[in-house]
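Asks: Listed below, chain by chain, are the residues.
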Amino acid sequence: MMGRPEGLKLIDENGRRIDGRKKYELRPISMEVNVLKNADGSAYVEWGKNKILAAVYGPREIHPKHLQRPDRGILRVRYNMAPFSVEDRKKPGPDRRSVEISKVIRGALEPALILEMFPRTAVDIFIEVLQADAGTRVAGIAAASLALADAGIPMRDIVSACAAGKIDGEIVLDLNKDEDNYGEADVPLAIMPMKNDITLLQMDGYLTREEFMEAVRLAIKGAKAVYQKQREALKRKYLAVAEEVAGNE
Amino acid sequence: MMGRPEGLKLIDENGRRIDGRKKYELRPISMEVNVLKNADGSAYVEWGKNKILAAVYGPREIHPKHLQRPDRGILRVRYNMAPFSVEDRKKPGPDRRSVEISKVIRGALEPALILEMFPRTAVDIFIEVLQADAGTRVAGIAAASLALADAGIPMRDIVSACAAGKIDGEIVLDLNKDEDNYGEADVPLAIMPMKNDITLLQMDGYLTREEFMEAVRLAIKGAKAVYQKQREALKRKYLAVAEEVAGNE
Amino acid sequence: MMGRPEGLKLIDENGRRIDGRKKYELRPISMEVNVLKNADGSAYVEWGKNKILAAVYGPREIHPKHLQRPDRGILRVRYNMAPFSVEDRKKPGPDRRSVEISKVIRGALEPALILEMFPRTAVDIFIEVLQADAGTRVAGIAAASLALADAGIPMRDIVSACAAGKIDGEIVLDLNKDEDNYGEADVPLAIMPMKNDITLLQMDGYLTREEFMEAVRLAIKGAKAVYQKQREALKRKYLAVAEEVAGNE
Amino acid sequence: MSDQEVMASIMRDHIMNLLREGKRIDGRGFEDYREIEIKTNVIEKAEGSAWVKLGDTQVLVGIKVDVGEPFPDLPESGVMTTNVELVPLASPTFEPGPPDENAIELARVVDRGIRESHAIDLEKLVISPGKLVRVVFIDVHVLDHGGNLLDASGIAAMAALMTTKVPRVEYNEETGELTKLDEYDPLPINHIPVPVTFAKIGTAMLVDPSLDEEMVMDGRLTITTDETGHVSAAQKGESGSFKLEEVMYALDTAVEKGNYVREIIKRSL
Amino acid sequence: MSDQEVMASIMRDHIMNLLREGKRIDGRGFEDYREIEIKTNVIEKAEGSAWVKLGDTQVLVGIKVDVGEPFPDLPESGVMTTNVELVPLASPTFEPGPPDENAIELARVVDRGIRESHAIDLEKLVISPGKLVRVVFIDVHVLDHGGNLLDASGIAAMAALMTTKVPRVEYNEETGELTKLDEYDPLPINHIPVPVTFAKIGTAMLVDPSLDEEMVMDGRLTITTDETGHVSAAQKGESGSFKLEEVMYALDTAVEKGNYVREIIKRSL
Amino acid sequence: MSDQEVMASIMRDHIMNLLREGKRIDGRGFEDYREIEIKTNVIEKAEGSAWVKLGDTQVLVGIKVDVGEPFPDLPESGVMTTNVELVPLASPTFEPGPPDENAIELARVVDRGIRESHAIDLEKLVISPGKLVRVVFIDVHVLDHGGNLLDASGIAAMAALMTTKVPRVEYNEETGELTKLDEYDPLPINHIPVPVTFAKIGTAMLVDPSLDEEMVMDGRLTITTDETGHVSAAQKGESGSFKLEEVMYALDTAVEKGNYVREIIKRSL
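Line by line, the protein sequences are chains A, B, C, D, E and F. Mapping to the working numbering: the first sequence position 113 is 113, numbers consecutive. Mapping to the working numbering: the second sequence position 55 is 55, numbers consecutive. Mapping to the working numbering: the third sequence position 29 is 29, numbers consecutive. Mapping to the working numbering: the fourth sequence position 221 is 221, numbers consecutive. Mapping to the working numbering: the fifth sequence position 158 is 158, numbers consecutive. Mapping to the working numbering: the sixth sequence position 154 is 154, numbers consecutive.
These aren't lab readings, by the way, just hints derived from the structure by calculation. Bear in mind that the values here come from a model prediction, so they are computed numbers and not experimental data. Even glycine gets a Cβ: it sits at the ideal position worked out from N, Cα and C. Careful, some of the hints might be misleading.
[Claimed, not checked] Below 25 Å or equal to it, Euclidean Cα-Cα: the simulated DSS-like pairs (lysine-lysine) are:
#1 B:65 - A:65
#2 B:195 - F:39
#3 C:91 - F:165
#4 A:91 - E:165
#5 B:177 - D:165
#6 D:243 - A:221
#7 E:243 - A:91
#8 C:22 - C:221
#9 D:131 - F:131
#10 B:37 - D:243
#11 F:131 - C:91
#12 F:23 - B:224
#13 D:131 - E:39
#14 B:49 - D:180
#15 A:37 - E:165
#16 B:224 - B:22
#17 E:131 - A:91
#18 A:23 - A:221
#19 C:195 - C:177
#20 C:91 - B:91
#21 F:243 - B:103
#22 E:165 - A:90
#23 F:23 - C:37
#24 D:39 - B:90
#25 C:37 - C:237
#26 F:180 - C:49
#27 C:103 - E:243
[What the hints assert, rightly or not] Non-contacting residues of chain B with respect to chain F, defined by C-beta distances greater than 10 Å in every case (computed):
#28 19
#29 22
#30 48
[To be verified] Covered, in the sense of this in silico footprint (three residues per stretch, anywhere, with C-beta under 8 Å from a C-beta of chain B), are these stretches of chain D:
#31 42-52
#32 221-234
Generate coordinates for the entire structure from the input sequences, incorporating the hints supplied.
Replies: What follows is the structure, given as structure tokens:
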């Protein structure tokens with residue numbers, strides 16, 4: 001949390017947030033799958049000002065071999081920010097934040113994968129943040145999940161994700177960058193919506209018990225709305241494929 | 001050797017050193033073996049203000065395999081200082097000094113090990129300096145040797161170690177930090193006491209030939225005194241084990 | 001290109017360059033092969049103020065094995081500058097420039113090697129720049145090519161190399177350091193002289209089309225002159241060997 | 001399967017069978033911590049320190065207080081930084097080298113718990129606004145990995161911070177000269193956040209998992225709360241998933257067990 | 001031979017057979033570029049940006065403009081620096097880690113083409129001579145590797161630079177204070193250098209090689225020229241060799257195709 | 001056993017058999033150095049340099065003299081630093097990369113020998129106390145590893161230092177401006193420390209071991225002495241052990257052989 005500019009109000013007298021949203025309103029989200037040629041699966045997500053590309057390679061061979069698991073595949077995740085994705089240029093390469101985020105995203109996606117189906121191999125997920133504006137990890141999870149589906153990796157469910165947070169004393173959905181910088185808390189969450197299984201939950205900030213649970217519940221609602229958008233993006237892809245097939249016949 | 005504070009005398013008119021010791025007196029030393037659960041052998045040594053933990057893992061498999069020796073085991077040593085172990089915080093990770101010390105400690109311990117008895121494997125020694133006050137390498141050798149014994153690694157002898165040095169023109173035993181900083185020379189030494197085999201010998205400073213040999217002889221005496229303390233620590237362990245066994249019956 | 005000292009003229013009224021050379025004149029070059037004991041082949045080249053040592057090891061086994069090519073050998077090149085080789089001490093280890101130069105030198109030498117003759121192995125070329133004064137990459141190629149011949153690596157031709165450039169508006173041969181710093185362009189080139197195959201071509205600077213082709217043609221001529229010196233150095237070696245053999249009989 | 005994996009599988013069956021009968025492998029109740037032993041001021045050369053034993057787990061935290069520049073966007077605040085070293089002495093699974101993802105996650109969760117509750121009053125650590133502030137280094141040195149490093153590290157960090165002595169300084173704004181005095185103030189502490197970690201195995205939620213339990217757990221959940229009952233950090237770790245009710249249970253239990261642990265910390269000082 | 005190598009060998013035969021009939025594998029003429037699509041200003045947080053599709057190749061360049069010190073020997077010149085990230089998302093052959101030799105060569109050739117033509121008027125980027133200048137970061141982020149990354153990167157870099165907005169600053173020489181204003185100037189651009197890359201396969205010289213062509217090529221030659229017809233960079237890459245006549249052909253063709261590409265860049269702004 | 005190990009074992013037997021007859025493999029006496037050849041001032045761009053051949057071993061040392069800040073606790077002393085590069089050109093056993101433990105030990109023992117005898121008069125290298133001093137870089141570049149790199153490096157370092165020319169400078173305390181003059185002073189040298197290295201094979205102590213001898217030696221002992229007979233560094237290296245009498249023998253021999261080598265260094269200048 002940064003030093004807050006004087007007089008900045010994150011919620012105005014009409015209950016509107018600085019970007020005009022209502023308390024429980026998501027930022028505009030657009031999603032597209034199959035956007036890269038080389039990757040086995042890919043997706044591009046714009047979520048507010050976040051611009052995120054995810055790619056999946058695999059299942060594929062693992063080197064060095066001692067990393068192979070004889071009874072199941074392994075999942076590897078690399079979350080990375082482009083140098084120009086943030087206000088001040090970010091030095092290329094992983095920093096501590098990226099390493100932690102890569103790890104928790106892996107933990108958020110792994111429960112959805114049926115890794116026993118491809119022993120001795122790896123599924124690699126690469127998430128490139130091309131522009132960042134708060135909430136990149138949840139947007140990254142949403143994109144990665146689409147890329148996994150696009151790659152045809154067997155999954156129990158599509159993992160969806162969203163954050164809730166606290167700004168100016170109120171619990172709201174889906175913080176943007178200013179709200180994240182000058183707000184009181186951020187609670188990113190991922191879920192497998194079919195069984196209501198929470199696969200990512202973090203909290204950064206300071207909340208009462210009640211506020212914390214309110215934020216968790218709100219983030220779940222947000223993630224379910226994101227889930228619908230993910231399904232629509234996949235449907236568009238299959239329709240496009242179907243049309244193409246029909247056109248070819 | 002640092003810039004010496006004005007008027008500092010390392011030996012007073014009564015022949016006492018700044019910590020009250022006589023010229024040939026060791027600092028207080030306490031030793032305890034089997035202090036860690038995970039390690040195959042371990043020891044904790046307090047030597048003056050030095051606080052040092054040593055652990056032994058092995059003999060165990062080596063990766064990558066091309067490091068294996070078909071006719072004998074290999075010994076690996078890592079000497080490491082905790083960031084808070086010294087006056088000014090030390091950046092984590094090995095510096096050039098730690099790399100050299102790890103190497104000479106390996107050379108000091110290796111002659112005592114019967115490495116032919118466990119081909120293709122490695123014995124790993126980890127020495128963690130939790131607090132440093134001069135003489136950490138000799139204290140580390142003493143601790144590592146106890147940890148090796150605790151792990152049951154076959155040895156020809158228990159390696160013991162001590163330093164001598166020159167302060168205010170006189171050869172004395174076992175320099176502390178101030179004496180090391182403002183003194184004229186430090187001669188750390190390790191020995192296998194049963195056969196009087198010197199396995200570590202270094203010198204940092206400026207000595208005549210006679211002073212050098214005097215320091216070497218004094219350090220040997222010191223190491224032999226340390227040897228007695230090592231034996232006592234091992235005896236206490238075996239007594240404790242014996243009591244426990246007796247108690248269980 | 002650096003900020004140029006005021007009044008500096010790179011070509012004087014008599015058409016002479018700052019080191020007294022004419023436009024199309026090479027710096028003094030001396031070459032010697034078989035200068036190192038450990039290496040399978042080696043050469044030492046002085047070219048103006050450049051002092052360059054090249055060594056070849058191989059064909060030899062490759063680790064890790066997955067780098068092996070079943071149908072041919074691989075060539076590896078490491079160009080490295082000694083810390084004291086340049087005006088301001090260079091931090092040891094490869095910088096981006098060295099990495100690029102290593103890569104283009106590999107590309108310059110590889111066409112001459114009959115790599116199919118030693119599958120699964122590697123030929124390693126190490127080029128150490130002991131003193132640098134512009135043109136180290138072409139001098140390094142000349143030295144490496146001699147070291148390859150000295151090592152008896154089967155080659156289609158001896159690769160030779162030279163640079164041309166533009167200073168004070170004129171195309172000249174073989175820039176020295178000042179000419180490189182304050183000149184307008186540098187065109188390093190390598191060639192297999194028997195078939196006129198260009199294996200290295202780079203350009204750094206700003207030239208018209210005509211100037212560019214003029215520089216390329218001039219660099220080819222320079223490289224052919226260097227080729228004669230390479231052949232002489234090899235001849236001297238074989239004469240020396242022959243004498244030695246004769247002497248032994 | 002490798003030997004290790006076979007062992008893990010057998011261990012998992014064994015632990016699961018016991019849990020079905022309501023028992024943990026070491027006989028504890030589901031909400032019981034292992035014995036907690038805290039020794040403070042063990043490293044005289046550090047400004048603060050604490051050696052914590054949590055069952056077989058041993059963690060040593062040393063606090064160094066230095067001076068340095070504040071962050072440009074926070075000119076009126078001291079700086080804190082948390083680092084964890086998983087040195088290979090502490091476990092056969094730790095390798096030498098820079099902090100890996102486990103060490104980094106551990107450090108960042110401990111750090112957030114302390115930072116977000118404003119446990120250290122960083123605003124009192126300013127020497128000259130925008131120019132010179134205290135820098136507090138929290139260095140976690142793990143000595144023996146017997147499970148639940150996160151709680152052990154969080155406990156040791158707070159115990160070390162609460163015993164930290166900061167040397168007074170005199171700063172001459174004009175010459176920029178800084179003099180360290182031989183007088184000491186305690187580090188200003190506002191809150192005592194305590195992380196409480198749960199392992200989920202099957203449907204069981206276990207407080208303070210041992211190493212055996214961690215090896216077979218499905219998922220991990222840590223919730224850090226302070227003496228006011230506020231949450232200052234939460235982290236779901238590893239694979240696995242949690243139901244909403246499990247999160248609620250963990251939250252309530254974290255507050256309760258946090259109070260219990262907090263008393264042990266206070267008694268150790 | 002590994003499967004990959006067998007595939008490469010079959011692919012090479014196929015491509016060579018087609019070339020003998022004067023055909024490329026995707027039906028293009030020897031001097032044809034694939035379709036070029038340029039979107040500028042796609043990253044609002046960067047001072048300039050361009051997303052380029054060149055056939056299946058996708059490259060995103062972002063420009064950041066910062067302030068910093070000039071080089072000691074060039075006190076009256078701004079600073080430019082070019083970095084290429086070959087992130088593993090873009091190809092199964094790219095690995096995570098610091099830039100490898102391919103990324104470094106790519107970055108340096110793109111950089112030289114721009115630097116040596118003085119495409120950016122660096123002398124206009126001085127804030128206080130010898131003290132403070134603009135630093136222009138050209139960051140090339142490769143998103144999909146479909147061959148000819150060099151031309152795609154060079155195109156994207158120039159399109160991004162030509163749409164870069166530099167915030168005006170006020171600099172107080174005495175206090176050293178720097179204030180960023182909310183007014184913007186375009187980055188001063190002198191020239192538009194364009195790299196044109198040739199793959200040599202057998203005796204054929206192919207403009208803008210696709211990934212399939214690159215996999216089987218003998219050698220690579222890149223020539224960068226600007227709108228005045230000057231050459232600002234040349235680079236023979238990989239193995240293989242070129243005849244003098246091939247270099248001459250490449251030079252002439254680079255000027256011609258450079259003009260073609262330059263028009264596409266201009267239209268995209 | 002690998003082929004290499006079998007070879008080493010055969011070589012060891014061979015060398016041991018010869019030693020029992022009082023012979024070394026290359027015919028030298030136990031206390032004999034191989035031929036020493038020293039060329040100084042070989043690198044004009046360095047302030048000092050020496051190329052040393054010791055039998056098959058070749059080492060090149062370059063000295064760079066720069067200006068920089070002194071260490072805070074030694075404001076009235078110049079700075080010296082020693083670095084060793086074991087470049088892969090010099091031996092099939094050397095690998096590219098940052099200095100490994102062998103290079104670091106080598107550098108540190110050479111450094112201590114010079115530093116502790118105050119061979120360089122660092123106090124004369126102060127430009128402005130506490131602010132600006134000379135920094136002397138001793139860079140050891142090993143070119144061919146034929147055994148006993150330590151003595152070769154120590155000899156080359158001293159020969160290079162003794163031929164080092166330091167440019168005079170003018171320093172303006174007020175503006176902080178530093179001007180390099182085109183006048184030179186020799187680097188102030190107090191002492192000429194020389195390391196003498198012994199290999200112990202069985203019970204034999206061999207001066208200046210060759211590579212073959214090093215491959216089979218039990219232990220290594222280096223003692224550095226200067227022309228006053230003082231010891232300024234000692235280092236037992238590798239495995240193996242030494243008796244007290246062997247240390248005494250080595251000490252006396254190191255003084256004697258040190259004198260011999262010192263004369264060769266002096267003659268080379």
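Asks: It remains to establish, for every hint, whether it holds in the given structure.
Replies: Hint by hint, here is what the structure shows:
Simply put, residue 65 of chain B and residue 65 of chain A have alpha-carbon atoms about 13 Å apart, close enough for the 25 Å limit, and the pair holds. Restraint check for residue 195 of chain B and residue 39 of chain F: not satisfied, since their Cα atoms lie roughly 46 Å apart, outside the 25 Å limit. With a C-alpha separation of about 21 Å, the suggested pair residue 91 of chain C and residue 165 of chain F falls inside the 25 Å cut-off, and the hint holds. With a C-alpha separation of about 21 Å, the suggested pairing of residue 91 of chain A with residue 165 of chain E holds against the 25 Å cut-off.
As the CA atoms of residue 177 of chain B and residue 165 of chain D are separated by approximately 22 Å, the hinted pair is consistent with the 25 Å bound. Taking the CA atoms of residue 243 of chain D and residue 221 of chain A, the gap is about 14 Å. The hint holds against a cut of 25 Å. This hinted pair does not check out: residue 243 of chain E and residue 91 of chain A have alpha carbons roughly 42 Å apart, beyond 25 Å. Pair hint residue 22 of chain C plus residue 221 of chain C holds up; C-alpha atoms about 15 Å apart against a cutoff of 25 Å.
A hinted pair counts as satisfied when its Cα atoms are at most 25 Å apart, and residue 131 of chain D with residue 131 of chain F qualifies at roughly 21 Å. As the CA atoms of residue 37 of chain B and residue 243 of chain D are separated by approximately 35 Å, the hinted pair breaks the 25 Å bound. The suggested pairing of residue 131 of chain F with residue 91 of chain C holds, with an alpha-carbon distance near 23 Å, which does not exceed 25 Å. The straight-line distance between the Cα atoms of residue 23 of chain F and residue 224 of chain B is roughly 37 Å, outside the 25 Å bound, and the hint therefore fails.
This hinted pair does not check out: residue 131 of chain D and residue 39 of chain E have alpha carbons roughly 44 Å apart, beyond 25 Å. Taking the CA atoms of residue 49 of chain B and residue 180 of chain D, the gap is near 23 Å; set against the 25 Å cutoff, the hint holds. Distance hint between residue 37 of chain A and residue 165 of chain E is unfulfilled; the C-alpha atoms sit about 32 Å from each other, more than 25 Å. Using a Cα cut-off of 25 Å, the hinted pair residue 224 of chain B and residue 22 of chain B holds, with the two alpha carbons roughly 18 Å apart.
In summary, the hint linking residue 131 of chain E to residue 91 of chain A is supported, as the alpha carbons are separated by about 23 Å, within the 25 Å threshold. Straight-line distance between C-alpha atoms of residue 23 of chain A and residue 221 of chain A comes to about 13 Å, which keeps the hinted pair within the 25 Å bound. Straight-line distance between C-alpha atoms of residue 195 of chain C and residue 177 of chain C comes to about 31 Å, which puts the hinted pair past the 25 Å bound. At roughly 21 Å between alpha-carbon atoms, residue 91 of chain C and residue 91 of chain B fall within 25 Å of each other, so this suggested pair holds.
Taken as a hint, the residue 243 of chain F and residue 103 of chain B pair is honoured in the structure, with Cα atoms around 21 Å apart against an allowance of 25 Å. Between the alpha carbons of residue 165 of chain E and residue 90 of chain A the distance comes to roughly 19 Å, so the proposed pair stays at or under 25 Å and holds. Of the pairs offered as hints, the one joining residue 23 of chain F and residue 37 of chain C holds, with about 24 Å between alpha carbons and a cut-off of 25 Å not exceeded. A distance of roughly 23 Å separates the Cα atoms of residue 39 of chain D and residue 90 of chain B; the hinted pair therefore holds under the 25 Å criterion.
Distance hint between residue 37 of chain C and residue 237 of chain C is fulfilled; the C-alpha atoms sit about 15 Å from each other, no more than 25 Å. The hinted pair formed by residue 180 of chain F and residue 49 of chain C meets the criterion: a straight-line CA distance of about 23 Å does not exceed 25 Å. Taking the CA atoms of residue 103 of chain C and residue 243 of chain E, the gap is near 21 Å; set against the 25 Å cutoff, the hint holds. Listed as outside the interface, residue 19 of chain B is consistent with that label: its C-beta sits roughly 21 Å from the nearest C-beta of chain F, beyond the 10 Å cut-off.
Every C-beta of chain F lies more than 10 Å from that of residue 22 of chain B, the closest at about 24 Å, which supports listing it as non-interface. Every CB of chain F lies more than 10 Å from the CB of residue 48 of chain B, the least distance being 22 Å, so the non-interface label holds. Look at the stretch 42-52 of chain D against chain B: 6 of its residues bring a Cβ nearer than 8 Å to a Cβ of that chain, three or more, so the hint holds. Counting residues of the stretch 221-234 of chain D whose beta carbon lies closer than 8 Å to any beta carbon of chain B gives 0, which falls short of the minimum of three for the stated coverage.
Of the numbered hints stated above, those contradicted by the structure are hints 2, 7, 10, 12, 13, 15, 19, 32, listed in ascending order.
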